[in-house]
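Student: All letters in the sequence shown, in the order written, are residues 40 to 313 by our numbering.
Among these hints, one or two may not hold up.
Claimed, not checked - Here are the computed lysine-lysine pairs in the DSSO-like style, where the Cα-Cα straight-line distance is at most 27 Å:
# : residue 1 : residue 2
1 : K91       : K232
2 : K277      : K300
3 : K197      : K186
What the hints assert, rightly or not - Here are the simulated distance ranges between beta carbons:
# : residue 1 : residue 2 : range
4 : A194      : N284      : 31 to 37 Å
5 : D79       : N258      : 25 to 31 Å
6 : E105      : N289      : 35 to 41 Å
7 : N240      : P178      : 20 to 26 Å
Treat the hints as calculated values from the structure; they're not laboratory data.
In this text the structure is predicted, and so the values were computed from the model without any measurement.
Virtual Cβ for every residue (Gly too), placed ideally from N, Cα, C.
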Amino acid sequence: MGILLLDQNTINKIAAGEVVERPASVIKELVENAIDAKADAITIEVKEGGLKFIRITDNGFGIHKEDVRAAFLRHSTSKIKNEEDLASIMSLGFRGEALASIASVGRVELITKQEAELVGIRYVIEGGVEKVFEEVGCPIGTTFIVKDLFYNTPARRKFMKTSGTELGYISDLVHKLALGHPEVSFKFISDGKIKLQTTGNNKLKDCIFSVYGMEVAKNLIEINWSFEGMRLEGFIGKPHLSRGNRTYENYFLNGRYIKSKVIERAIEDGYKSK
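Work out the full structure, taking the sequences as your base and the hints as a guide.
Tutor: Written out as structure tokens, the structure reads:
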């Protein structure tokens, strides 16, 4: 077989595999977009572990109607303009790949409205193909609905775990998003049942209570330290809260969840020395 140039639809499906691994990946990208849009209230709804239905609703500044179609083009973003911007990124997302990837492997509906607009826009795109673009009445902010994830890539769908396992991945993700952004009110609903609700009062300890419960929240030591423009804040548990795994260990850099063996080891060594 000679060398062929792949069509754009095939390229999008291949590229989607790098961004959209499972339902939790979709939720991560859409919630981070909502946070970047200055939303302070975000509702996450899923059915059947997100494989059947995902809905993310926020009260952010929305997408301008002239930008809706462009938002679903690969490498289109409002967060950086050139190479120099890469050195000072403060947003959670910036690559401009998420929406194109999600739309190429799911049935996506977007409803969005900006404050200055009289009406909003409803946009439907399935498998990368536009189906509907129309004006609608809606509140300020954005709602994303993703149905039948991987409906057009059955091989990918086959490798998904059970709905219960996928829900576990989503729950873990939502917990981390909530802990990383106590200034945002989160509501997480699975199959009609509220699984998590945070106040958005910007008090991390209250957020920890919502995620991990009273027993953890009442046995914490506050950390607040600054040095040469850097600031470290958070909570560590009292020694008797120690566990055999790192389930409750979470580290965030500028609101972004990170994994760091160096940080883990430093904290654990600190406990061992006492």
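Student: None of the hints should be skipped; say for each whether it holds.
Tutor: Results for each hint:
1. Using a Cα cut-off of 27 Å, the hinted pair K91 and K232 holds, with the two alpha carbons roughly 16 Å apart.
2. A distance of roughly 21 Å separates the Cα atoms of K277 and K300; the hinted pair therefore holds under the 27 Å criterion.
3. Note on K197 and K186: the hinted pairing holds, with a Cα-Cα distance of about 16 Å set against a maximum of 27 Å.
4. Restraint check, A194 to N284: a C-beta distance of roughly 33 Å satisfies the suggested window 31 to 37 Å.
5. The beta-carbon spacing between D79 and N258, approximately 29 Å, falls within the hinted interval of 25 to 31 Å.
6. The hint said 35 to 41 Å for the Cβ distance between E105 and N289, and at roughly 39 Å that hint holds.
7. Take N240 and P178: their Cβ atoms lie about 22 Å apart, and the range 20 to 26 Å holds.
The earlier numbered hints are all upheld by this structure, with none contradicted.
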